[in-house]
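Chemist: Here are the chains, one letter per residue:
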Amino acid sequence: MKNLFKVLSVLLVLGLVLAACTPAEPEPSEPVVADEPLRIAIVTPSNINDLAFSQSISDAMIALKAEMGDKLEYVYSENLFVVDDAAAAIRDYAQKGYDIVIAHGSQYGSSVQEIAPDFPETVFAWGTTVDTFGLPNVHAYEAASDQGGFVNGVMAALLTETKVIGVVGPIETGDAKLYIDGFVAGVHSVDPSIDVRVTYIGSFSDVALASEAATTHLSAGADVLTGSAQMVIGAIGKAQEAGAYWFGTQADQTSFASDVVVASQVYHWEVILREIFALRGEGVMGGKTFSANLENGGQVIKINDGLGLDQAVLDKANETIQGIIDGKVTIP
Amino acid sequence: MISDLFTATVIMGIISSGIRLATPYLFAGIGEMFGQRSGVLNLGVEGQMLLGAFTAYFVVLRTGNLFLAVLAAIAVGALMGLAMGFVTIRLQATQGIAGIGFYLFGMGMSNLLFQKLIGVVENINGFPIIKIPLLGDIPVIGEILFQQNLLVYLAFLLVPTAWFVLNKTTLGLKIRAVGENPEAADSLGVSVVGVRYFTVILGGILSSIAGAALSVALLNVFQQNMTAGQGFIAVALVYFGSWRPFGILAGALLFSMVNALQLWIQVLGIPIPSELAVMMPYVLTILVLTLSLSKGKGPSALTKAFEREG
Chain A
0 MKNLFKVLSV LLVLGLVLAA CTPAEPEPSE PVVADEPLRI AIVTPSNIND
50 LAFSQSISDA MIALKAEMGD KLEYVYSENL FVVDDAAAAI RDYAQKGYDI
100 VIAHGSQYGS SVQEIAPDFP ETVFAWGTTV DTFGLPNVHA YEAASDQGGF
150 VNGVMAALLT ETKVIGVVGP IETGDAKLYI DGFVAGVHSV DPSIDVRVTY
200 IGSFSDVALA SEAATTHLSA GADVLTGSAQ MVIGAIGKAQ EAGAYWFGTQ
250 ADQTSFASDV VVASQVYHWE VILREIFALR GEGVMGGKTF SANLENGGQV
300 IKINDGLGLD QAVLDKANET IQGIIDGKVT IP
Chain B
0 MISDLFTATV IMGIISSGIR LATPYLFAGI GEMFGQRSGV LNLGVEGQML
50 LGAFTAYFVV LRTGNLFLAV LAAIAVGALM GLAMGFVTIR LQATQGIAGI
100 GFYLFGMGMS NLLFQKLIGV VENINGFPII KIPLLGDIPV IGEILFQQNL
150 LVYLAFLLVP TAWFVLNKTT LGLKIRAVGE NPEAADSLGV SVVGVRYFTV
200 ILGGILSSIA GAALSVALLN VFQQNMTAGQ GFIAVALVYF GSWRPFGILA
250 GALLFSMVNA LQLWIQVLGI PIPSELAVMM PYVLTILVLT LSLSKGKGPS
300 ALTKAFEREG
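Chains as they are written, first to last, in numbering that gives the first Met the number 0: chain A, 0 to 331; chain B, 0 to 309.
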């Protein structure tokens, strides 16, 4: 009976852990050989087409590749939620002589801190964070996702009729929390009486629970929803069925549900990567902290033109964006 | 604040969410139960679910045919079950480790196929809601119980069917005999190997359908690792339900409804940290397991390979 209980405990713990994470599936692609191009390697925690965080860095590389052509080549290892596997990939890329290794996940910090000193000729870029560990070859980058969250929140406040808005979050931390806090502040800047209800489902991958969280918000009276991280595809589906507005973040989610997605906060990491490339050309290998925000274009609010929104809503959104850029609107 | 929970909207919401969330657990849990009653522990459920979910989603995306999708999921599940059976019954590999191996295979393979064959997430038209005539018109109850999609009805019909097969048929008797005392069953002319292959393949099929229920009936999308540990919870629910179909039903509903309850607690703004709220179903499951373990006794030959003497 003791053994049985052991088995059960292990099962439950395993279930709990798996509910919260996406295990590793390393699949490094082979680089293409060309005349001494800039060689970049990227490590991401989820799939590069997750319509969310990992896709944002992949889209940036696609944009840079289009600009730079043969002068840039890049490889990626996706789906490395397990930090140990990611660390192995980061070290491997550094050893293979990649010029810049991008560790695209806040959970990769300790790995970068440990590996970077062994490869002084390699630039490490770690996001999203502000910490470079004082190392000369580590850059840090983050997104001011509270800015986009605020703009989305302002628009959501103008669109809700029931005065109830639902938020489907993953785990109360990092980029997701920043976005959600900004969103709530944005809603309340327009009308403090609007009830913004936030749920965190405790998982980045549980699509079924995200879907039920959205259903719960809808039956509790919400007519506008938002959410962060890759499991929200379950929630967007429910918003679509109910005809409720959806606000996206991390990638343009219009393609997924063009009839309900109002706007998406989209990251343009290429703005920051261009700077990192240029600095490397000047011999600066690290030590800087970058922020993708509305001002430098590292963050853009992508509005779904097909929805036919009221001009008043669009004007207010643009006014808010401009206000944040000018410093006239401050996010609490 | 707490009193907000006792309104008709909340209670109806919890029950209907609970029914939807319980559906994959029922398919996978009942499948796992048949395997365990015959002596085979299959920890690969999660992997079988993911492959089933992908297969069904892919077929719907390409053909739009829902029944073909379920048939394809059944075929893939049967193959996965056959492979698991070959490794654990024929080659007599340690069941726990083999199961973990199949889990990793299913996860990696479903992800790889999604990347190579589809790439970008798209919505599909899955199983529609079927309103049962008359019963579906009953106020409140009809809306919760009799306006679901086909796979939800099948999951709940599976429970009494499994009970009947296990307790009232010769096949059920053979399965139980093989799981309790394979040597005795063998001496009476029951094919231990045959029965175990049957239950493990059946388990693979039902796990695969559990995955399909997610991707083409409840959510109508596929995403890597979308089962998020549900396959492991299904295995735990078999212990929870003391290897009985109605026990598994009770466990699946309890776990799912507590999960739905914690969502409502957050939505209503009852001041409990979200980290604690999401733990509720797991903590409750551990509590019930601890309290009920003294009563429940698993099949005697569970995890033991069978080799005919002489």
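By construction, these hints were calculated from the structure, which means they are not laboratory data. Model, not experiment: these values are computed from the prediction. Hints may be right or wrong, so weigh each one.
Stated by the list, open to error - Within a straight-line C-alpha distance of at most 20 Å, the following computed EDC-like cross-link-like pairs (lysine to aspartate or glutamate) qualify:
| hint | chain 1 | residue 1 | chain 2 | residue 2 |
| --- | --- | --- | --- | --- |
| 1 | A | Lys315 | A | Asp304 |
| 2 | A | Lys95 | A | Asp117 |
| 3 | B | Lys130 | A | Glu240 |
| 4 | A | Lys176 | B | Asp3 |
| 5 | B | Lys115 | A | Asp58 |
| 6 | A | Lys162 | B | Asp3 |
Chemist: Each of the hints needs a verdict: does it hold here or not?
Modeler: Outcome of the hint check:
Only pairs whose Cα atoms come within 20 Å are accepted, and Lys315 of chain A paired with Asp304 of chain A is accepted, the gap being roughly 16 Å. Under the criterion of a C-alpha separation no larger than 20 Å, the hint pairing Lys95 of chain A with Asp117 of chain A is consistent with the structure, at around 13 Å. Taken as a hint, the Lys130 of chain B and Glu240 of chain A pair is honoured in the structure, with Cα atoms around 17 Å apart against an allowance of 20 Å. For the hint pairing Lys176 of chain A with Asp3 of chain B, the CA-to-CA distance comes to about 26 Å; that exceeds 20 Å, so the pair is violated.
The suggested pairing of Lys115 of chain B with Asp58 of chain A holds, with an alpha-carbon distance near 18 Å, which does not exceed 20 Å. A threshold of 20 Å between alpha carbons decides the hint, and for Lys162 of chain A with Asp3 of chain B the separation of about 18 Å falls inside it, so the pair holds.
The structure shown violates just one earlier hint, number 4.
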